[in-house]
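K.L.:
Protein chains in written order, with our numbering: chain W, 786 to 898; chain L, 121 to 234.
Hints listed in this document are in silico derivations from the structure and should not be mistaken for laboratory results. Note that the coordinates shown come from a computational prediction; the quantities given were computed from them, not determined experimentally. Ideal Cβ placement from N, Cα and C applies to all residues, glycine included. Where hints are given, some of them may not hold.
[What the hints assert, rightly or not] Which residues of chain L face chain W? A partial, calculated answer using Cβ under 7 angstroms: (1) Gly163; (2) Leu164; (3) Leu168; (4) Phe210; (5) Ala221; (6) Phe224; (7) Gly225; (8) Lys226; (9) Gly227.
[To be verified] Lysine to any residue pairs mimicking SDA-like chemistry, simulated, CA-CA at most 25 angstroms apart: (10) L:Lys181 with W:Gln891; (11) L:Lys226 with W:Glu886; (12) L:Lys181 with W:Phe888; (13) L:Lys169 with W:Gln835; (14) W:Lys829 with L:Glu135; (15) L:Lys226 with W:Thr885.
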Amino acid sequence: EAGVAQSPRYKIIEKRQSVAFWCNPISGHATLYWYQQILGQGPKLLIQFQNNGVVDDSQLPKDRFSAERLKGVDSTLKIQPAKLEDSAVYLCASSLEINTEAFFGQGTRLTVV
Amino acid sequence: AQSVTQPDIHITVSEGASLELRCNYSYGATPYLFWYVQSPGQGLQLLLKYFSGDTLVQGIKGFEAEFKRSQSSFNLRKPSVHWSDAAEYFCAVGAGQAGTALIFGKGTTLSVSS
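Make a model of the complete structure from these sequences and hints.
P.N.:
Spelled out as structure tokens, the structure:
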């Protein structure tokens with residue numbers, strides 16, 4: 786069984802630039818999550834999708850972050866414009882249902898300079 | 121609001137010694153509880169989970185955890201640590217049918233000395 790795929794693995798951008806991350810969940814998983822993990826901290830939920838609908842985006846900084854999950858499969862997370870404090874690892878995860886076991890991708894490490 | 125506390129930021133254990141990582145949670149109902157491990161540059165791997173039933177849960181790599189409702193704890197244990205266990209460990213709570221995702225603690229970094 787293929788795992789959660791994320792790309793790119795690493796990204797370095799200047800502040801005020803835009804960036805996009807891509808996630809392909811495990812086949813058949815209805816729930817998809819994007820987490821932000823700042824160095825030295827635990828992952829923090831940014832947004833949760835159930836199929837192609839948003840379940841929870843209460844911690845997503847909507848003035849600069851956006852995410853979509855077209856057709857309920859792949860998802861894209863975008864930051865525009867980026868700030869220095871956005872430097873973090875962005876983890877995508879998927880699960881069969883809400884609050885069942887979540888499987889994580891390897892993450893995208895973003896550095897904003 | 122749900123929360124998870126991992127009191128120990130960093131623990132060093134000798135190889136072959138036993139290990140216990142602490143986790144306390146705050147949640148009104150019966151929680152779903154998880155332990156994940158993260159090696160440098162890698163994503164999170166699930167070690168074990170508790171949904172219901174037996175409060176002593178066995179996981180992969182020889183780890184186990186015990187759910188204690190009276191203490192709101194879900195401590196992770198391993199009887200004999202191997203050098204390859206050095207990593208960061210995260211406890212997480214899921215809020216059952218409430219529709220919220222996992223809430224993670226800040227993690228405990230485990231170092232293993234020879």
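K.L.:
Take the hints in turn and mark each one as holding or not.
P.N.:
Results of checking the hints against the structure:
Interface hint at L:Gly163: satisfied, since its Cβ lies 4 angstroms from the closest Cβ of chain W, which is below the 7 angstroms cut-off. The interface hint given for L:Leu164 holds, since its Cβ lies 4 angstroms from the closest Cβ of chain W, which is under the 7 angstroms cut-off. A least Cβ separation of about 10 angstroms between L:Leu168 and chain W goes past the 7 angstroms threshold, and the interface hint is therefore violated. Interface hint status for L:Phe210: upheld, as the beta-carbon distance to the closest one in chain W is roughly 5 angstroms, under 7 angstroms.
With a cut of 7 angstroms, the hint placing L:Ala221 at the interface with chain W holds, because the nearest CB-to-CB distance is about 5 angstroms. Against a cut-off of 7 angstroms between C-beta atoms, the interface hint on L:Phe224 holds, since the closest Cβ of chain W lies about 3 angstroms away. About 5 angstroms separates the beta-carbon of L:Gly225 from the nearest beta-carbon of chain W, less than 7 angstroms, and the hint is met. Proximity of L:Lys226 to chain W holds as hinted, the smallest CB-CB distance being about 5 angstroms (cut-off 7 angstroms).
Using the Cβ-Cβ criterion of 7 angstroms, the hint placing L:Gly227 at the interface with chain W is satisfied: the shortest such distance is roughly 5 angstroms. With a C-alpha separation of about 20 angstroms, the suggested pair L:Lys181 and W:Gln891 falls inside the 25 angstroms cut-off, and the hint holds. Restraint check for L:Lys226 and W:Glu886: the C-alpha separation of about 19 angstroms stays at or below 25 angstroms, so the hint holds. Restraint check: the Cα-Cα separation between L:Lys181 and W:Phe888 comes to about 17 angstroms, which is no more than 25 angstroms; the hinted pair holds.
Proximity of L:Lys169 to W:Gln835 is assessed by CA-CA distance (about 22 angstroms); at most 25 angstroms being required, the pair is judged to hold. Under the criterion of a C-alpha separation no larger than 25 angstroms, the hint pairing W:Lys829 with L:Glu135 is inconsistent with the structure, at around 32 angstroms. A C-alpha spacing of about 21 angstroms is found between L:Lys226 and W:Thr885, which places the hinted pair at or below 25 angstroms, so the restraint holds.
Checked against the numbered hints listed earlier, the structure breaks hints 3, 14; every other hint is satisfied.
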